[in-house]
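Protein chains in written order, with my numbering: chain A, 829 to 975; chain B, 547 to 691.
Keep in mind the hints are simulated off the structure, nothing from the lab.
Check before you lean on any hint, since a few could be wrong.
To be verified - With a straight-line Cα cutoff of 20 Å, these simulated DMTMM-like cross-link-like pairs (lysine to aspartate or glutamate) come out:
{"no.": "1", "chain 1": "A", "residue 1": "911", "chain 2": "A", "residue 2": "963"}
{"no.": "2", "chain 1": "A", "residue 1": "911", "chain 2": "A", "residue 2": "960"}
{"no.": "3", "chain 1": "A", "residue 1": "911", "chain 2": "A", "residue 2": "855"}
{"no.": "4", "chain 1": "A", "residue 1": "971", "chain 2": "A", "residue 2": "960"}
{"no.": "5", "chain 1": "A", "residue 1": "830", "chain 2": "B", "residue 2": "598"}
{"no.": "6", "chain 1": "A", "residue 1": "902", "chain 2": "B", "residue 2": "549"}
Fair warning: this is a prediction, and the values are worked out from it, not measured in the lab.
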Amino acid sequence: MKYSFASMLAGLIFGLGLIVSGMANPEKVLGFLDIAGLWDPSLAFVMAGAIIVGLIAFAVARKRTLSFLGFNMKLPTNNHVEKRVVIGSMMFGVGWGLAGFCPGPALVALGAGEMKAVVFVASMVAGMLLFEFFERLELFARKAGEA
Amino acid sequence: MIEIAWSQFTPGAALAGGLLIGLAAALFLLLNGRIAGISGILGGLLTPTRNDIVWRIAFLAGLIGAPVAWQLASSLPPIEVNAGYPVLVVAGLLVGIGTRYASGCTSGHGVCGLSRLSLRSLVATLSFMALGFVTVFVIRHLMGA
Chain A
829 MKYSFASMLA GLIFGLGLIV SGMANPEKVL GFLDIAGLWD PSLAFVMAGA IIVGLIAFAV
889 ARKRTLSFLG FNMKLPTNNH VEKRVVIGSM MFGVGWGLAG FCPGPALVAL GAGEMKAVVF
949 VASMVAGMLL FEFFERLELF ARKAGEA
Chain B
547 MIEIAWSQFT PGAALAGGLL IGLAAALFLL LNGRIAGISG ILGGLLTPTR NDIVWRIAFL
607 AGLIGAPVAW QLASSLPPIE VNAGYPVLVV AGLLVGIGTR YASGCTSGHG VCGLSRLSLR
667 SLVATLSFMA LGFVTVFVIR HLMGA
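Given only the sequences and the hints, what does the whole structure look like? Please build it.
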């Protein structure tokens, strides 16, 4: 209960931050990605603001084994830069540049009732399902190879 | 060489919104012990385990509810989507597959990963930023859309 309430609060503040920052608007994001045109550096300031707070939060989190609500800290343990991180991020970057949406802002725009965001999010979820399908296929192929 | 779009540049609002995003990530990390990565939170719902359905939905409800809550107090700033539907479908598929394959997006790798000084997340962030720049360059300046 506490866990879900904290999750909802974090999601809400995250969404409000996206609206305040202007990042819920794809055109503004594309203004940042268009360095050869008239460049809008705003997105860099959003990242900077978020990372300033984040640096402090992670410095505190690193010293703890339990969260302030008493839950286990689930911090990433994998620090390898695998090929899939690069290839996946490159695919993501192309999609980001095509539409100006990344997952967070797309969900906020969906909440605002923007029809195009509904279509984008539906396609994004379809993409995530395809990923799960390929993962399972690969796992199956690997197991078959071992057998 | 780079020309700044001074009329569109909103450093104050961008910084303020960024601080809020950082606060949200900090709360989620310090209260629940988790990384606020949107693609992971959403993607995890597609292969749910018993104990992680409710909090994932709660986070997403907060995120999707943010513009609804905002409108109780004032009108929303404009959301301009100039891409057509076929482009949005292709873009959505790429973002969905790509972020899950890379284990993170702008929030998980970009905000949280850089905040914890992860090299893996730095490489991810540079990769999607670079391809974002290239894609917009191709569309706007080579294809002239």
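Hints and how they fare:
1. The straight-line distance between the Cα atoms of residue 911/A and residue 963/A is roughly 15 Å, inside the 20 Å bound, and the hint therefore holds.
2. Straight-line distance between C-alpha atoms of residue 911/A and residue 960/A comes to about 18 Å, which keeps the hinted pair within the 20 Å bound.
3. For the proposed pair residue 911/A and residue 855/A, the alpha carbon gap of about 31 Å is over 20 Å, so the pair is violated.
4. Between residue 971/A and residue 960/A the CA atoms are separated by roughly 16 Å; this keeps the pair inside 20 Å, and the hint holds.
5. The suggested pairing of residue 830/A with residue 598/B holds, with an alpha-carbon distance near 13 Å, which does not exceed 20 Å.
6. With a C-alpha separation of about 43 Å, the suggested pairing of residue 902/A with residue 549/B is violated against the 20 Å cut-off.
Of the numbered hints stated above, those contradicted by the structure are hints 3, 6, listed in ascending order.
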